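Engineer: Fit the two chains together into the complex; they arrive one by one in their own frames, and the hints show the way.
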Amino acid sequence: MVITVHLHTRLQRQTPTGPQQNLELSVPQGTILKDLLDQLHVPYEEDAVFLVVNGRQVDINQPLKDGDEVDLIPAISGG
Amino acid sequence: MEIWRINMQDQSLRREPVPETWDRLGGRALSARILLDEVPADCEPLGPYNKLVVAPGLLVGHMLTSCDRISFGGKSPLTRGIKESNAGGSTGLYMTNLGMKALVIEGQPDGGDRTGGWWVLRLGADGARCEDAKDLEGLGVYEASARLLSRYGDKVAIAVIGPAGEMRLSAAGIQNLDKDNVPSRIAGRGGLGAVMGSKRLKAIVIDDTGGTRPALADSGAFKRAQKLFTQNTLGHPQTKSYQEYGTAGSVKMCNAFGALPTRNFSSGRFEGADAISGETLRETLLARGGEGETTHACMPGCVVKCSNAFADSNGKLIVSPIEYETLGLMGSNLGIDNLDMVARLNWETNDLGLDTIDTGAALGVAAEAGLMQFGDGKRALELLAEIRRGTPLGRILGHGAATTGKVFGVTRVPVVKGQAMAAYEPRAMKGTGTTYATSPQGADHTAGNTLRAKLDHLDPKANVAASRGAQITMAGYDTLGACIFAGFGFMVQPEVIAELLNTRYGWQVAPDILQLLGKETLTLEREFNRRAGFTAADDRIPEYMRTEPLPPHNSVFDVAESDLDGIFNW
Chain A
29 MVITVHLHTR LQRQTPTGPQ QNLELSVPQG TILKDLLDQL HVPYEEDAVF LVVNGRQVDI
89 NQPLKDGDEV DLIPAISGG
Chain B
6 MEIWRINMQD QSLRREPVPE TWDRLGGRAL SARILLDEVP ADCEPLGPYN KLVVAPGLLV
66 GHMLTSCDRI SFGGKSPLTR GIKESNAGGS TGLYMTNLGM KALVIEGQPD GGDRTGGWWV
126 LRLGADGARC EDAKDLEGLG VYEASARLLS RYGDKVAIAV IGPAGEMRLS AAGIQNLDKD
186 NVPSRIAGRG GLGAVMGSKR LKAIVIDDTG GTRPALADSG AFKRAQKLFT QNTLGHPQTK
246 SYQEYGTAGS VKMCNAFGAL PTRNFSSGRF EGADAISGET LRETLLARGG EGETTHACMP
306 GCVVKCSNAF ADSNGKLIVS PIEYETLGLM GSNLGIDNLD MVARLNWETN DLGLDTIDTG
366 AALGVAAEAG LMQFGDGKRA LELLAEIRRG TPLGRILGHG AATTGKVFGV TRVPVVKGQA
426 MAAYEPRAMK GTGTTYATSP QGADHTAGNT LRAKLDHLDP KANVAASRGA QITMAGYDTL
486 GACIFAGFGF MVQPEVIAEL LNTRYGWQVA PDILQLLGKE TLTLEREFNR RAGFTAADDR
546 IPEYMRTEPL PPHNSVFDVA ESDLDGIFNW
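In the order they appear, the protein sequences are chains A and B. Quick note: the first sequence, position 61, residue 89 per the working numbering, numbers continuous. Quick note: the second sequence, position 34, residue 39 per the working numbering, numbers continuous.
The hints are simulated quantities; they were obtained by calculation from the structure and are not laboratory data. Hints are all accurate, no fakes.
Mimicking BS3-like on lysine-lysine, the simulated pairs with C-alpha atoms at most 27 Å apart in a straight line are:
1) B/Lys466 to B/Lys524
2) A/Lys62 to B/Lys459
3) B/Lys228 to B/Lys184
4) A/Lys93 to B/Lys459
5) B/Lys160 to B/Lys321
6) B/Lys184 to B/Lys321
7) B/Lys245 to A/Lys62
8) B/Lys383 to B/Lys411
9) B/Lys160 to B/Lys184
Derived list of chain A stretches under chain B, where covered just means 3 residues or more per stretch with a C-beta under 8 Å from a C-beta of chain B:
10) 35-48
11) 78-88
12) 97-107
Label-pair restraints from in silico Cβ distances:
13) B/Glu553 to A/Gln42: 39 to 45 Å
14) A/Pro47 to B/Pro22: 54 to 60 Å
15) A/Gly95 to B/Gly474: 34 to 40 Å
Quick caveat, the model's predicted, so the values are computed rather than measured. Virtual Cβ for every residue (Gly too), placed ideally from N, Cα, C.
For reference, chain B alone in the conformation it holds in the complex (with noise of 0.2 Å):
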């Protein structure tokens, strides 16, 4: 395989042999890994020295089950620290039909991030061009998407930003086409759509026409490894779960254990979270029919369908899928009790090319500022809309929660490191809330989520190590480029990765590897922090979730400062 290099100062390709010290590497380890040998730790997020990473994970390329994610890198705007975001979808199949081991983009047109024209990065076998994308300027993501698949025929992957990446906003995103074709697998967190608009990229055009699958060192032995992995994860009984309710099943589950974020993390409980429910929505979508679909695999291959398509009264689809997190930051945390108008937020969301998660956090922090009455949907749609129109008031809204409280002098702000927290309020699940505080990533539940830990999740204590054993493993999977619920599988029997990587690659690796993965990707995106200027004090959860006590709880964050400044001592 082959590192491409792509420099948007002279639109130039360079295909490089892949340096040893990255060859054991993928997605966000590999990600991380680039970053820290060739980007300045202290540079501008949105300048020409930030380069924007693309690697799919090791296991990226055989449709294995849940293990096609796809990572994008680069120093965050939101965080100022460094930023791995993945998704599902094609683009990291695409690229390893091309023999892609990583993508980097780097350098600025001429012009700077402000003036340089926009442009379209075709990639097939036939190597790279830029082709202008004028026409696509301040398109959302599906018109954008729709043009581009018309253009270059319905057999590409593509990666695009919205208005917000072009606006360069620090919650803005990079959305991937799923395998039927929707621009809705974003790879949501830190900005790096902004950062991708900072090099006047609207989009990533992939067509693998003339690739072929990566070669596999022992074809029989990991077919048969991969056969293991499948029936493992069919059957484990959360791949049930997920099939009929979707991620949308932890609405009721975090409202019983007191986590729902709820009308700008003031309770955890929130009085209309059956109507925001997964039991709800299948309901729902089962009685409604049409385009709805209450199970929907992003992936080509992924037996897990955990997603779904979400449609209106009349069966007209509104938007595909409707996700927990963002019925948590935009239903509950809005006070809105509405599946449709929680469907019709996350749409428009995602057409911005705006992660809903700090999208969602920052319309809570605006209705504690009094730009909108808590539960008015309506009201949060106009919000959006100024997001589009570029207004200031947009703008300051598209940089995330942080910034959003900054300017209007709210000071119950749930983020860390300048990331909005998840759908997972840390007073109520303080493992959780220990990943949010001390990854290098910021507050990100899928740097390593407790919420499946057996034990109580407010105890202080028992919670610490929970933390670290998640993100040590999730860090694994990132690395691997399996999503979460690849997991199921992996669980059952844990050797089946190393099988899977040996007779892939010809490797001799132990079953400890994805230990051994995790532990290195953190140790690598904890030295670039470090080198970016983070201390101890920037793994700390907001004063306020320390002091004011959560209903119905009436819990605190009282995780001990020295747990979380051990918690990497291994």
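Pulled out of the complex, with its shape left as it was, chain A reads as follows (with noise of 0.2 Å):
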């Protein structure tokens, strides 16, 4: 199944072509958030990184599938 993410802030990929904030990425059925972050090599604190499947918060052991948007973001407090 296919998931696309979403890399937010410092979560960013520096790349030589600039930062990339966008991934499509190939997963097995029954995938979980933690082994995509594994996977994605993000260092996880629940303090640190607020995680967010299809607009929601949810948490590390969310079950993804085909098509979900996953928004990875260092927690920040708004403006």
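Structural biologist: See the structure below:
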């Protein structure tokens, strides 16, 4: 199944052509959010990263399904 | 420390000892206490019986990181309830150097709020005097500040109003100099600039020459606590994010949550969000170089440095800073996806001395009324020029979103108690929506934003406790003079708050002091509003947000009224 991942602020990937914010990943059925973070080597601390799937905040054990949009957001407190 | 009272009728100064019941309060709590004790809740906000209170928070005065904020308070001409609006910059620090616990500005010159001349109030170690400010009449805050700095020297703090405050428009704020003498630190909410204008006061200039920092009860222990707090703040993961992206980092986040106000709060997602995001802002500033800065401190000693300076394609400064709320209200809310245009709107609004939140919301309502097309920044600039000229249309807009909605027959108006919402849609962020509904301040994210809470922001039940907690904490921070981002350090070791207070004042307060101060503040403010005639019916989100689903979640604001009404039952 295919998952779209949006990497916010400090989680953007620096590439020779500039920062990369959006990824499309193929992952096996049964993948949970934690697997995705491991695959992306995103370090997870509960208070440091917001995990958002399809616009809703979820926990790290959230099962993923084909077409999900995942936002990985270094925590901030607004303006 | 002392209370300094200025009576604008006879331009007299009285310096008084601090009453015992005010002694352990500062900032927002002290302002609420003074207003409750001295201002009739049913008074005309622009009349002689209202007072403008200027009160540094309890921790102001020692350049503790993120803890030198200044509170302005009074009865609001916008909400007609109690109002406190605070800002960074140097005003608080200079006041405490002169030994001021609070400055209370009372009365009006003979001739009332329309014809009493214009004055600069100059405060120094030798007392206070009012000086003629006729030459500053009508000037924007940037030119007015430049002239004041030229006249009084560049080692002063200044609080100044723009044309909006002079016209006593309900969205007028009070601009304060930042540490680099730029007048961009606005106590923006609730029309306190109009209250200052009603006193015929164009500016307050504070010269702390001959003053000293406030005494410390235990200097060594205070400095140890300060060091610990600074280290905790610096080490917090959010500090790094704010240093790199500032508050603008919230644009894509709120868009992801479906909570980014778009085209007069008609959607929570904006197709142009990337173009006005913190990520794009940073890349743009780094590429342009010149006078732009990706990180900037508004207060001396701040290590978070969440602010910025935005430069155009030639590297020339447009505005400093550009913040998330402005990107939301003057960007996505107006359908504008161009950082340069938002920056120009921001500069104009700052210069007028207006709140970018209420003004942006008013322009969104104006667009719904057909006065501009969404996305047309040039037209938005023309509408701001109407405000500067003081035309009837301009004055309507300068009174904020609520007045604009009434005049043009728009019913989708994002306000509570007459004050515009910030850049968090309450239908998609129900905790912040609960704060908008119930805060004595009217719709105000700084009264208790739940954005960082680890919960489903669409859940109408779980968000009530989050709002309550955030409102208590923020009322506490506003009393300390602490920025919300001081919370990074406080969260690591909350007991440091009591340690800082005890070593500064020689008190023996317990670690729950923040909660006590927060609850006391909210209780005082609610009592003022009760006396002013507010009821539970005022603690509601606008009807259309309770009935019309918001894309992309197609959610409505459905927090139970009983939960709203019971939120302050502690």
